[in-house]
Amino acid sequence: MIKLEYFNESDFPQFIKWCEQMTEAELFQWAGSELVHPIHYEKLKAYIEGANSAYSERYIYRVVDLKLNKVIGHLQLAAVNHSQSNARISRVLIADKSLRGKGYGQQIILRACRIIFDQFGLHRASLGVFDFNVSAVKCYEKIGFKQEGLLREARKVGDVYWNLYEMGMLEHEWMSIKSSWEDTVK
Numbered sequence: 001m002i003k004l005e006y007f008n009e010s011d012f013p014q015f016i017k018w019c020e021q022m023t024e025a026e027l028f029q030w031a032g033s034e035l036v037h038p039i040h041y042e043k044l045k046a047y048i049e050g051a052n053s054a055y056s057e058r059y060i061y062r063v064v065d066l067k068l069n070k071v072i073g074h075l076q077l078a079a080v081n082h083s084q085s086n087a088r089i090s091r092v093l094i095a096d097k098s099l100r101g102k103g104y105g106q107q108i109i110l111r112a113c114r115i116i117f118d119q120f121g122l123h124r125a126s127l128g129v130f131d132f133n134v135s136a137v138k139c140y141e142k143i144g145f146k147q148e149g150l151l152r153e154a155r156k157v158g159d160v161y162w163n164l165y166e167m168g169m170l171e172h173e174w175m176s177i178k179s180s181w182e183d184t185v186k
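Numbering (my numbering), first residue to last: 1 to 186.
Just so you know, the hints here were simulated from the structure itself, not pulled from any lab data.
Errors might be hidden in some of the hints.
Claimed, not checked - Below, computed lysine to aspartate or glutamate pairings styled on EDC-like, alpha-carbon distance capped at 16 Å:
| no. | residue 1 | residue 2 |
| --- | --- | --- |
| 1 | Lys178 | Asp96 |
| 2 | Lys146 | Glu171 |
| 3 | Lys43 | Glu9 |
| 4 | Lys97 | Asp65 |
| 5 | Lys97 | Glu20 |
| 6 | Lys102 | Asp65 |
| 7 | Lys45 | Glu34 |
| 8 | Lys97 | Glu26 |
| 9 | Lys3 | Asp65 |
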C-alpha cells in the first residue's frame with residue numbers, strides 16, 4: 001500500500017541520487033525535457049516552484065510505501081486546468097527497479113485518478129507513454145485508460161525517434177470503475 005505526499009526540498013537528495021543512476025534515455029523516458037542531467041538543487045527548486053498550492057497548475061508527489069516505510073517513487077500531476085476540467089498524469093517513477101512489476105504503478109495511477117476526479121472534481125485525465133513501455137501501457141489500460149492516438153516519432157532521444165501513445169480517461173469512466181479498485185487504493 002502506498003500514499004502520496006507532496007514532494008519538497010527534503011526529497012531532493014534522494015531524487016538527485018535516483019536521477020544520477022539513470023542514463024539520459026532513462027531520465028528522458030519518465031521526466032521528458034524538463035529534467036535533464038545534471039540534476040541539482042537549484043533545478044529542483046525551480047521544478048517545485050508554484051506547485052502544490054490551491055489551484056496550482058501542477059502537483060508533485062513523493063510515493064511512500066507504507067509497509068517499507070520509505071519513499072519509492074515520484075508522480076506529477078501537470079497541466080491541471082480547473083476551468084477546462086482536466087489534468088495530465090506525468091513523471092511516474094518507481095525508482096527501485098526491483099519494485100517494478102509488483103503493482104506499485106497501478107496504485108500510483110489509481111491514487112492520481114482519485115485526486116483528479118474525486119478530490120479536484122475534474123472531467124478528464126490524460127497521459128503520454130512511449131510505445132515501447134509495454135508494461136506501463138498495459139497498466140494504464142487495465143485501470144481503464146483508453147488509447148486516443150499515437151504520435152509517431154514524437155520525441156528524439158539521441159539519434160532515435162520515439163513514438164508516444166496519448167491515453168485518457170473521462171470522469172464517467174472513472175465513476176463506473178472506481179468501486180472495483182477500492183481495495184487497491186484504501
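What hints, given by number in increasing order, does this structure fail?
1
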